[in-house]
Amino acid sequence: MAKQKITSSSTAEYFSKNLQQVGFSSPTKAVLTTLKEAIDNSLDACEDEGILPELYIEVEKVGSGTIKNTDLVRIKVEDNGPGLNIEDVPKVFGEYLASSKFGRGRCSRGQQGIGISAATTWAQLTSAKGARVITKTKAMRQAVSCLVEVDVKNNKGNIKDKKSINWDRPHGVSVEFVLDGRIQLQGEGGLITYLTGTALVNPHLNLHYKLLDQPKVKVSRVSEKSPDVPLAVEPHPHTMKLGEFIAHSHLFGKSTISTFLKKGFSRISDSTFQVLVKNGLEKRLLNQAVDKTTDVQFKAVFSAIHKTELMAPSTRSVMIIGEETFSKSIRRLGEVDFFAVVTRKPTICDFKPVVVEVAIARLKMAIKVEGDDSPPSQVLRFANRVPLQFDKSACAMVKAIETVNWRAYGISQPKGSLPLGPYVIAVSLVSPFIKFKNASKETVDASDELVEEIRRTLIQAGQRLSRHIRKEHREADLEEKIRHIEQFCPILVDCLCRITKAPDKRKKAATEGLLKLLGRDVNTAKKHLDEAVKHHKEAHAKGKIQIIEKEEARDKKSEVESEEDLKPSHPENSEGIDESDEPKVKAKSVSGEKAKAKKKADSKTKEKVKEKTV
Amino acid sequence: MRDDDIPKLSRELCNKMLADLENARRPVLEAIKCSLDNSRYNPKVGYLTPGDKRVRSELNVASVQKMSRSIFILEILLRNIETGAVNTKRELYYIAKGEVRHSPELRALDFTDQSESDSIIDFICEMMECYREDLNCYANDRGGQTYSNQLVVTELLSDGTKAVVDLSSLGTSPFQPKNRPQSLTLKAKKKIDFCLVVESEGTANTFVTNGFCKRNNSILLGAQGVPSNAVRGWCKLIQDQLKVPIYFFGDLDAYTLQNIFRTLKAGSAASLIRNSDFSAPDVRFLGVLPEDIKKYDLTDYPVKENDIQEARALKKASDALKNDPFFRDKKNKGLSRILEWLLKNKRRCEQQSFFTVDPRDPIMPEKIIVEKIKRGDFI
Chain Z
187 MAKQKITSSS TAEYFSKNLQ QVGFSSPTKA VLTTLKEAID NSLDACEDEG ILPELYIEVE
247 KVGSGTIKNT DLVRIKVEDN GPGLNIEDVP KVFGEYLASS KFGRGRCSRG QQGIGISAAT
307 TWAQLTSAKG ARVITKTKAM RQAVSCLVEV DVKNNKGNIK DKKSINWDRP HGVSVEFVLD
367 GRIQLQGEGG LITYLTGTAL VNPHLNLHYK LLDQPKVKVS RVSEKSPDVP LAVEPHPHTM
427 KLGEFIAHSH LFGKSTISTF LKKGFSRISD STFQVLVKNG LEKRLLNQAV DKTTDVQFKA
487 VFSAIHKTEL MAPSTRSVMI IGEETFSKSI RRLGEVDFFA VVTRKPTICD FKPVVVEVAI
547 ARLKMAIKVE GDDSPPSQVL RFANRVPLQF DKSACAMVKA IETVNWRAYG ISQPKGSLPL
607 GPYVIAVSLV SPFIKFKNAS KETVDASDEL VEEIRRTLIQ AGQRLSRHIR KEHREADLEE
667 KIRHIEQFCP ILVDCLCRIT KAPDKRKKAA TEGLLKLLGR DVNTAKKHLD EAVKHHKEAH
727 AKGKIQIIEK EEARDKKSEV ESEEDLKPSH PENSEGIDES DEPKVKAKSV SGEKAKAKKK
787 ADSKTKEKVK EKTV
Chain D
658 MRDDDIPKLS RELCNKMLAD LENARRPVLE AIKCSLDNSR YNPKVGYLTP GDKRVRSELN
718 VASVQKMSRS IFILEILLRN IETGAVNTKR ELYYIAKGEV RHSPELRALD FTDQSESDSI
778 IDFICEMMEC YREDLNCYAN DRGGQTYSNQ LVVTELLSDG TKAVVDLSSL GTSPFQPKNR
838 PQSLTLKAKK KIDFCLVVES EGTANTFVTN GFCKRNNSIL LGAQGVPSNA VRGWCKLIQD
898 QLKVPIYFFG DLDAYTLQNI FRTLKAGSAA SLIRNSDFSA PDVRFLGVLP EDIKKYDLTD
958 YPVKENDIQE ARALKKASDA LKNDPFFRDK KNKGLSRILE WLLKNKRRCE QQSFFTVDPR
1018 DPIMPEKIIV EKIKRGDFI
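Chains as they are written, first to last, in the numbering used here: chain Z, 187 to 800; chain D, 658 to 1036.
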């Protein structure tokens, strides 16, 4: 073997050479990832302090990029969060793995402290300038403006050009990057898709954005309540590997093993120790100091814990959007015809607490393209309220959508694929430990348990939707039948009479007989429609399905509805997937338009059948 | 079926429907189900026959359109039979459209494309258990161009006169058989040893030009791919009236074996009601056989994975081995073995590869064919 010099690299050096691993694999992704990381940080900061977030975003081209086929892009994100102390600024924007959230066991968007530093590195590599940051906390009289750069060799942030400035905000952070990239607005990796998704799962967010030379857009919040940030929970011992277990013990120094286990983990109590001893663990080990424990002894403790059955991890640490808020938020997607929202109870998947929320909406503008020829439904994926935009085919959420039989709910679907039609299917997954497939957090690992949990949520939402769709189908069916009777009956009888040279008397008798026959079919169709309407009314009265009235949907300003109009779905229904056995509640209101159509069809049938029979 | 039976049967059917309607009963149209799952194969009969399955169409709101369209087209066909006019399916499609244009009250019956009117015509045939030719609806007489120095054909024309065609007097021009073989009578001037059906019409033409019919007392005809009704009926006629052995010479691939040879020998699932007149069960598969590749050192090549047609034919071959009563029958074991060979080896060999055996001898393929017939080297 040749004698080669072994060198060691800093974390920053590693990431600066492997930025593709954290979402900077193409110029388009670079712009989106930078924006995403900045917004994630802002939202997390606001939520930690219970502030209703107000975000101002600007993305524009300011010249040509240094990389072939790229533009020089300026991305600015400004928030009304608590602001950063100036000593924290280089750590946040210029140092890798410097995070207040790492391994905390909370449902925050950011986790490791890589993303925003990677954005600074990309800006530095492509435009030779780091991030321009303005920060102001409540305690500061003036804001501080500075340029943060990453010291790649030492994994440290350096501050340059620091000055005090007057800023008309009471507190907050503004960060601006100038970097090489390409701006894509629509589609899977589009900025508008990302911002729309972010608004959907953050109902408490006021979002102002200006992209390129498009007019400014304001998305108003639909909830005035900042989400309750759940407390962090200690890790569950069954989710750890031996190495992690030993590393975790180092935080407990001279404490005893029993204290370490009780304080360092969830679901371990005094009664657990009795079981551990019963299972063969030496009792003296529990009273031994952590720093005196050898690796062999750690292994014995670790194995004993893994052999012992423990309570499943707590679900208190997960944060949900909630059916009520989600219902309000989904109507910001566009002109929604009707929708159903389901929030499942927190559950444990792969030993991690998880909550799945699903919203399915049908967009009005695209209804005409419903059917087998229509394009696949739009899927919006969220992990801890962050939109996921790339590599969707391998994602647990998409896999779950594909395994549901949407045809059963009246939605077209090629076998094993996404359903077709003007639907938006939003799946939100919240967990303090989401298992992503890669560091750039684009795809959630599709474990069987997780896919099944998402699937069950989708099925519940599908069942709710189907009541409305079935009613529509029945209405169309009835109209079609009436039309057929009017059109074909006289033709059939005429043709038969011409071929048989039958006299007028026979023709009249045959016409009457035919109308009697087809009238029976229409009555059956009417009965089916009545049943569908009844089910639909029940679903609507229970708030399981929301119908947007025509006038209401047209007026975008009336996005925020009164509590009565948007009666939330019953959370208790989220337990099982079969809703058929729920108590019947009398209907409150049905869409006026549809009811009129039904009445019209009813009277039309009666008139026609009567007229022809007479 | 006799020509005058159709109008009578149609009127009876319509009369029954009308009577049902007068009594507020639902009229039912019933037809034989023409599909593989309703196909039966008896080696003694030799062709695919229909099983017991029927397609029933009872009048209701959903079927009233199909029923009205069927009676509407039936009326047009009856008019044709009455006047002696004939039409193709395409022409009937336009006639139906013309009727609708001139009578706005018929607008609901309008066909948006030909496949709609075609399926109605097929349904009428299946319902009446007759050929479309019985309804004066003719297909293009494609394929079947025949050469022979011994064959004389007598055609009974619609005006009752007869036309006699001596094929030896046509020179290198072929005789084109009609879709209605019932009107033809065959006679051999001299003993005919065999009839050779060549898959490629071009190759059949080459054989004739190179003197095949001069050297062999034979009938030579080109199938031109999947045999049309004309070719199928013509082969049946040769088999029944002349009682000469018939050999098929074509490519060695799954498509030829299933779509061309099986249709010629035993008919198809889509034409269950007319296979008795449109199949020649005695026809034998002369080649190309798998063993010919080695024996004559023929040029073959692998089936391309990305060729959709070939891939589909192979998939169909594997289905045929499981579901097709023709290939499942013991009598046709030799043919199913070829399909198995094709599936296993994924190679194909074209009929023209016989020209590689001796490139300088233009009649080498003919020599091999005659030798194979003499030796009984066929299936």
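No lab work stands behind these hints: they were computed from the structure.
Please note: incorrect hints may appear among the correct ones.
Computed cross-link-like contacts, DSS-like style, restricted to lysine-lysine with a CA-CA straight-line distance of at most 25 Å [stated by the list, open to error]: (1) Z:K702 - D:K673; (2) Z:K702 - D:K1024; (3) Z:K693 - D:K723; (4) Z:K277 - Z:K191; (5) D:K972 - D:K701; (6) Z:K687 - D:K754; (7) D:K987 - Z:K693; (8) D:K900 - D:K848; (9) D:K723 - Z:K687; (10) Z:K691 - Z:K702; (11) D:K835 - D:K848; (12) D:K972 - Z:K601; (13) Z:K693 - D:K665; (14) Z:K694 - D:K723; (15) Z:K531 - Z:K601; (16) D:K673 - Z:K694; (17) Z:K694 - Z:K720; (18) D:K723 - Z:K712; (19) D:K847 - D:K988; (20) Z:K687 - D:K673; (21) D:K665 - Z:K691; (22) D:K1024 - Z:K691; (23) Z:K469 - Z:K448; (24) D:K1024 - D:K979; (25) D:K900 - D:K988; (26) Z:K404 - Z:K449; (27) Z:K342 - Z:K315; (28) D:K665 - Z:K687; (29) D:K819 - D:K900; (30) D:K973 - Z:K601.
Structure-based check of all given hints:
In summary, the hint linking Z:K702 to D:K673 is supported, as the alpha carbons are separated by about 18 Å, within the 25 Å threshold. A C-alpha spacing of about 74 Å is found between Z:K702 and D:K1024, which places the hinted pair above 25 Å, so the restraint is violated. A C-alpha spacing of about 20 Å is found between Z:K693 and D:K723, which places the hinted pair at or below 25 Å, so the restraint holds. Among the hinted pairs, Z:K277 with Z:K191 is inconsistent with the structure: their alpha-carbon atoms are about 31 Å apart, more than 25 Å.
Distance restraint check for D:K972 and D:K701: the Cα-Cα separation of roughly 29 Å exceeds the 25 Å cut-off, and the hinted pair is therefore not satisfied. Between Z:K687 and D:K754 the alpha-carbon distance is near 24 Å, which keeps this suggested pair within the 25 Å criterion. The straight-line distance between the Cα atoms of D:K987 and Z:K693 is roughly 56 Å, outside the 25 Å bound, and the hint therefore fails. For the given pair, D:K900 sits about 11 Å from D:K848 by alpha-carbon distance, which is consistent with the 25 Å threshold.
Among the hinted pairs, D:K723 with Z:K687 is consistent with the structure: their alpha-carbon atoms are about 22 Å apart, no more than 25 Å. A distance of roughly 17 Å separates the Cα atoms of Z:K691 and Z:K702; the hinted pair therefore holds under the 25 Å criterion. Between D:K835 and D:K848 the alpha-carbon distance is near 24 Å, which keeps this suggested pair within the 25 Å criterion. For the suggested pair D:K972 and Z:K601, the alpha carbons sit about 20 Å apart, so the restraint of at most 25 Å is met.
Between Z:K693 and D:K665, the direct Cα distance comes to roughly 20 Å. Compliance with the 25 Å bound is thereby established for this hinted pair. As the CA atoms of Z:K694 and D:K723 are separated by approximately 22 Å, the hinted pair is consistent with the 25 Å bound. A hinted pair counts as satisfied when its Cα atoms are at most 25 Å apart, and Z:K531 with Z:K601 does not qualify at roughly 30 Å. For the suggested pair D:K673 and Z:K694, the alpha carbons sit about 16 Å apart, so the restraint of at most 25 Å is met.
Our distance criterion of 25 Å between C-alpha atoms is broken by Z:K694 and Z:K720, whose separation comes to about 39 Å. A distance of roughly 23 Å separates the Cα atoms of D:K723 and Z:K712; the hinted pair therefore holds under the 25 Å criterion. At roughly 33 Å between alpha-carbon atoms, D:K847 and D:K988 are farther apart than 25 Å, so this suggested pair is violated. Between the alpha carbons of Z:K687 and D:K673 the distance comes to roughly 13 Å, so the proposed pair stays at or under 25 Å and holds.
Distance check on the hinted pair: D:K665 and Z:K691 sit about 23 Å apart at the alpha-carbon level, within 25 Å; holds. Annotation: proposed proximity of D:K1024 to Z:K691 is violated, straight-line Cα distance about 75 Å (limit 25 Å). Pair hint Z:K469 plus Z:K448 holds up; C-alpha atoms about 15 Å apart against a cutoff of 25 Å. Straight-line distance between C-alpha atoms of D:K1024 and D:K979 comes to about 37 Å, which puts the hinted pair past the 25 Å bound.
Between D:K900 and D:K988 the alpha-carbon distance is near 21 Å, which keeps this suggested pair within the 25 Å criterion. For the proposed pair Z:K404 and Z:K449, the alpha carbon gap of about 46 Å is over 25 Å, so the pair is violated. Note on Z:K342 and Z:K315: the hinted pairing holds, with a Cα-Cα distance of about 15 Å set against a maximum of 25 Å. About 13 Å separates the Cα atoms of D:K665 and Z:K687, which keeps this hinted pair within 25 Å; it holds.
In summary, the hint linking D:K819 to D:K900 is supported, as the alpha carbons are separated by about 23 Å, within the 25 Å threshold. For the given pair, D:K973 sits about 21 Å from Z:K601 by alpha-carbon distance, which is consistent with the 25 Å threshold.
Hint compliance for this structure: hints 2, 4, 5, 7, 15, 17, 19, 22, 24 and 26 are not met, and every other hint is.
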